[in-house]
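Asker: Using the sequences and the hints given, assemble the complete structure.
Chains as they are written, first to last, in my numbering: chain A, 362 to 802; chain B, 1465 to 1992; chain H, 547 to 997.
Some clues are possibly wrong.
Unchecked claim - No farther apart than 30 Å at their CA atoms in a straight line, the calculated lysine-lysine pairs in the DSBU-like style are these:
(1) H:Lys895 x B:Lys1942
(2) B:Lys1574 x A:Lys661
(3) A:Lys579 x H:Lys634
(4) B:Lys1574 x B:Lys1532
(5) B:Lys1654 x B:Lys1574
(6) B:Lys1829 x H:Lys858
I should point out that these hints are in silico values taken from the structure, not numbers from a laboratory.
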Amino acid sequence: MSTTVSSPNPGTPRPVNAGPGERAAAVSAKPVGWRTPVILAAFALIALVFFGLMGPNQTASFGISTGSDFFQLPALEINAFAGGLVLSIVLLALAGYAVYLKTQDRPAPGWLNVAFIVLFVAAFLIWVVGGARTPAISLAGLIAGSVTLAVPLVFGSLSGVLCERVGVVNIAIEGQLLGGAFTAAIVATITQNPFIGLIAAAAAGAVVSMVLAVFSIKYVVNQIIVGVVLNVLVSGVTGFLFSTVMQANKAQFNSPPGLDIIEIPLLSGIPIIGPILFRQSLVGYLMYAAVLVVWVGLFKTRWGLRVRAVGEHPQAADTLGINVNATRFWNVTLGGAVAGIGGSFFTLVAIDSFTKEISGGRGFIALAALIFGRWNPIGAFFAALLFGFADNLQSIVTIIGTPVPSQFMAMLPYLVTVLAVAGLVGKSRGPAASGIPYVKG
Amino acid sequence: MVRVLKLELRGITKRFGTLIANDHIDVVVESGQIHCLLGENGAGKSTLMNVLYGLYEPSEGEILVDDKPVSFRGPGDAMAAGIGMVHQHFMLVPVFTVAENVALGAEPTKAAGFLNLDETRRRIREISDQYGFDVDPDALVEDLPVGVQQRVEIIKALVRNASVLILDEPTAVLTPQETDELLDIMRQLKAGGTSIVFISHKLREVKAVSDTITVIRRGKVVGTADPAASTTELASMMVGRAVSLTLDKEPATPQETTFEVRDLTVIAPNGQHMVDGLSFDIARGEILAVAGVQGNGQTELTEAILGLQDRVSGSVTLDGKELLGRSVKDVLGAGVGFVPEDRKVDGLVGTFSVAENLVLDLYDKPPYAKGISMSPAKIMENAKARIGEFDVRTPSAAAAAGTLSGGNQQKVVMARELSRPLRLFIASQPTRGVDVGSIEFLHRRIVAERDQGTPVMIVSTELDEVMELADRIAVLYKGKLVGIVPAGTGRDVLGLMMAGIAPGEHTASPSTGTQPAATADTEGGDHA
Amino acid sequence: MPENPKPQHAAGETPETAPEQTAAAAAVDTAGGAMEPSAVPATAQSGQLPGGPDTVLRKIFTGSGMVSVLAVLLALVIGGLLIASTDKQVAATSTYLFARPADFLAAVWNAATRSYIALFQGSVFNPRGNTAAAQFAPFTETLTIATPLITAGLGVALAFRAGLFNIGAQGQIIMAGILAAWVGFALDLPLGLHLLLVLVAGIIGGAVWGGLVGLLKARTGAHEVILTIMFNYIALYFLRYLLNTPAFQRPGETNPISPILEASAVYPQILGGQFRLHLGFVLAIAATVLVWWLLNRSTVGFEFRAVGANPKAAQTAGINVSRATILVMAIAGGLAGLSGVAQVAGTEKVLTDGVAATYGFDAITVALLGRSTPWGTFAAGLLFGAFRAGAVQMQIQTGTPIDIVLVVQSLIVLFIAAPPLVRAVFGLNPRRKKPARAAKSRRAATTGGAA
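Answerer: Encoded structure:
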């Protein structure tokens, strides 16, 4: 038994209190750099040149109401050239404000980045639609579709939040989604009950997570390795069982009854908001609930305080009698269950049966959303919405015929994430002890 | 208010594999006492306290609280029994507030597990007022100075009604002033009925506050001592033989000045001036020791010279050539030998063999490499020679460096850096965590390098080491040079300089006399 | 995510490291590993075996080599059980399990072995072949499939040794495939020169894509795992875009597929026209030798390993960590690029969006199984190549889906990464201690076992 004496390990982040010098370095860890203002300015210029000056002189029409709304609003009609110009000038102004703040040595406030992203996306949208063969889309449909596509992403990134906040890197989100999708399909088919399928999906995600937890906590295997390998394992097992069991007898094993859309009377008729908030499947409503519960739980409760302590400074938690590895184990398991529910969306809501690799890499987009959302449930939610939007726009632009190849739209979440992790969109800092196993003396 | 508690460790043995960190240790802590565990670095004091605090399980032996045996399965049990511990490296979550840190593990909650930190805030203010801590419950811990963080740790223990408080090397990161304040706090706590286990290897502090001293050496209790015993007496007990506190060295014969630092400024990523307008020279054949409390810019100073810091201005010349703005490789190539302050982090690659570590910065130079092709035979040859020369105790040259003891690891680093002709030798904390036998050896090698006519710069936070090696002493405070004084300058003067007060200034400044009693105490101990 | 994960140790003495205690700490250090216990074994780094004076026999049974063998065995057993669980005969016999358990067990055995025998026949030796050539044809197929696995695996392994987690082989293969294929079908060059140019273009494509990750990591500190995952998708969508452009799409074709490469641009088949085995395999052997030399005998490799094991110490010793990071990712990308060339100039001869198949992801498991050593990766590449080749035959003969290979492959890697688990399954845990107080000491024992 070779237990350990702790010794300063190379590579182990040194405790913040190592010395006044290092502490001082941590004091104001928000140096105001040129990076953000410069990037904002660059993007504002891109917007000005492409969306503004080179904008198509055509009227883009955005439908706001759908037929089922209880009152109708006229479609929004915007001249793409003018709209692009106005928006890009606003973007330039925002970038200018960030530059001004930098000269005053003040960081750009959070709303500035958010506003910039929203306006940039709007300018982009006007440009895309304005340049299309049929320059009209339903804005309401676009947004509602984005939310739908974002559902598994949100669940996946919440799983990531739960795991990383407690100090375990979860690369296995993809596997958890896939496992959930498969289990939901087969169990719901056998029991002819989608709710049992939903619960089974959560259980399947939890099982995948438990393997991650056992290997990374008990056997101290590198968490990234376990995650990568788990994705392959789940893909293999579900693929194998799909080929042997499901394909042989689709009616018996792969025809799950779906979860219906539940409309809340009146409220669901509100334009734009209605379909998003009040015309969802059970999984969709659970998504909103889960985001709120995880956020409140993490930041307002005893459980959350302990979870974050374990993810930031496990030794400190340990010296206060908190069982670090048990906390990690159960949180990772919970994360898996959440992702599993997200997986059930594929087979119980979106499509009525399971196919191989049905999750199609969305687990990795969820991972991206987690980082882009800065390890915060709310942030991850909006990041997932943005990526869902890109996903939805991709299919819409192919229909309306725009100059932008759909592959570039599909590439967008990944490009945005690269920019995010490269620090171009502000610094993102994960939990300090994430990815580092805790070995007790 | 505080429960009376007698604490006894009986026959505690702690093994790590075949290694014995604690060997049948008996210690009794009486209520309301300050009980000091005195021992060298690595004697096993912290291991013992981690056993007492429930972090390690003892391999043998038992812990008795009020004469009843107890078994601690974790820190929770120890805390429940009234034991609190302030670790050497604070156990605080930097991104949490003080209140959150204090509440953690015993959080007051409303219904459904929602946090309710009002009660915690009230307790923090209460304790803070009682002891004059001046701690804001809603401050973020990462924004607090080290001294205040330490008080947060003490509050954490007091909030949990600790009647025995373990302080593990609490003064290592404090300035002399902060140290005096801490010693005062310890006396106050004692007056309030709290027992304190004070772990230290600093004799003056131990003598200043202790009621009882237990001396530990190589994992064993070697005896108890009276705080009134003389410093040399305690030192020899601690080390195990009569120690001469001075090194035999010839007086320096400084030659021409070849190393010059002018207006050196290093700015941290957060904009803070870690080194601020530093200027000094070192002549060939002399040792300049840079003294100061840890974290006053020493690390940045050495790293800036070596080329490891980004935002540096000023000038550093060696043999008339500018070093700033050059790569680390170039600086090393200019003949700078560098022993970094933390050998495990900066000095060695633990999983590499001793032989590979001995060429860590020479691997691409002949004879070890031709072009990009390396010669393992030459590397091995070099290793054998260095191991013999420096008496490195290793199973073989192919053993992983991480498996060697601290002293032998340091010898590997020192052997590597001294194995080539040097124009400047910089050693940071050259003997930190090294056993006494190796310390003497390493010190002699450093002096030998000086006597060969190399300018030598030693950075140390240990005043003893500074006074032993230095021909001149430069004191840093908050990145600024407080002054350069000759060897043989009194400890009291150096102590004040380390607090930022230039020599001659302190008599005029009334603000320094805030802790006259404590200062007198520590100094009195020194002369005993 | 922090880089270079290391175990964080419990509270306690930090700078106060007793001489006697350092060894224990170091033991756990190696268990925690520079990367991870098995991915980058300390032995590989220092060239010396750690470990106490165990008996030779015990060493054989508890050593890492044995663990690898047992891990493969265990994974095959579990895979076999999975096959059996969906077998009709097994299902039939299970209905009267308690009446005649022997039938059930025989059915399980048959189901599993039938598949594995087919796997073997499809990957190594087929006794039903008419000629010796036909009998050994499966083995040449194994080598063919192993080729891209080995080269991409080497890329992953090399990056591992420098402390970098290169999940981006997939994207690197794609970028290499794009460039190599374009040179192959769009240019008209003399024999020899054309192929050389294809090869160079592929290597450059992979190296640039890999090096870009290294550059971003070195410049901005972004984590390479996230970067490489994202780069994989970016490369894939870029490829899909190109295959819809006139420059890449085969004239008259609506599917996303490129023209066929010129005859002068493809690898010669080294065993004659009847076997697919091509020159790429010889290049894979050469690459293995090169990587071995690079890691163990060159200053560049010394820098890579130093940066991987302790970047701060490497930097202090004058090694340019940024340069090493960029360089190692570029070389890793170049190696993955060889896989891309093997695909477009060796086996496929066209460019489709499936050019990388799953070789890039399989390469990770190959490198892990090979413990990030060049020859270990080579051997692991052969093994997984055999699985892939045999799985095709298995599916034809027994109807067992190819996916079982993914299951076995991932289980092998999981087990290899957790030697204590494998030893526990086979009852081989060394130096079993008296079960002291339950949970804690058990946990400690498992970490110690990895050392």
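Asker: Look at each hint and say if it fits the structure.
Answerer: To see whether the hints hold, each was checked on the structure:
1. A threshold of 30 Å between alpha carbons decides the hint, and for Lys895 (chain H) with Lys1942 (chain B) the separation of about 67 Å lies outside it, so the pair is violated.
2. Taking the CA atoms of Lys1574 (chain B) and Lys661 (chain A), the gap is near 11 Å; set against the 30 Å cutoff, the hint holds.
3. At roughly 37 Å between alpha-carbon atoms, Lys579 (chain A) and Lys634 (chain H) are farther apart than 30 Å, so this suggested pair is violated.
4. Proximity of Lys1574 (chain B) to Lys1532 (chain B) is assessed by CA-CA distance (about 36 Å); at most 30 Å being required, the pair is judged violated.
5. Distance check on the hinted pair: Lys1654 (chain B) and Lys1574 (chain B) sit about 35 Å apart at the alpha-carbon level, beyond 30 Å; violated.
6. This hinted pair checks out: Lys1829 (chain B) and Lys858 (chain H) have alpha carbons roughly 21 Å apart, not beyond 30 Å.
This entry does not satisfy hints 1, 3, 4, 5, going by the numbered hints stated previously.
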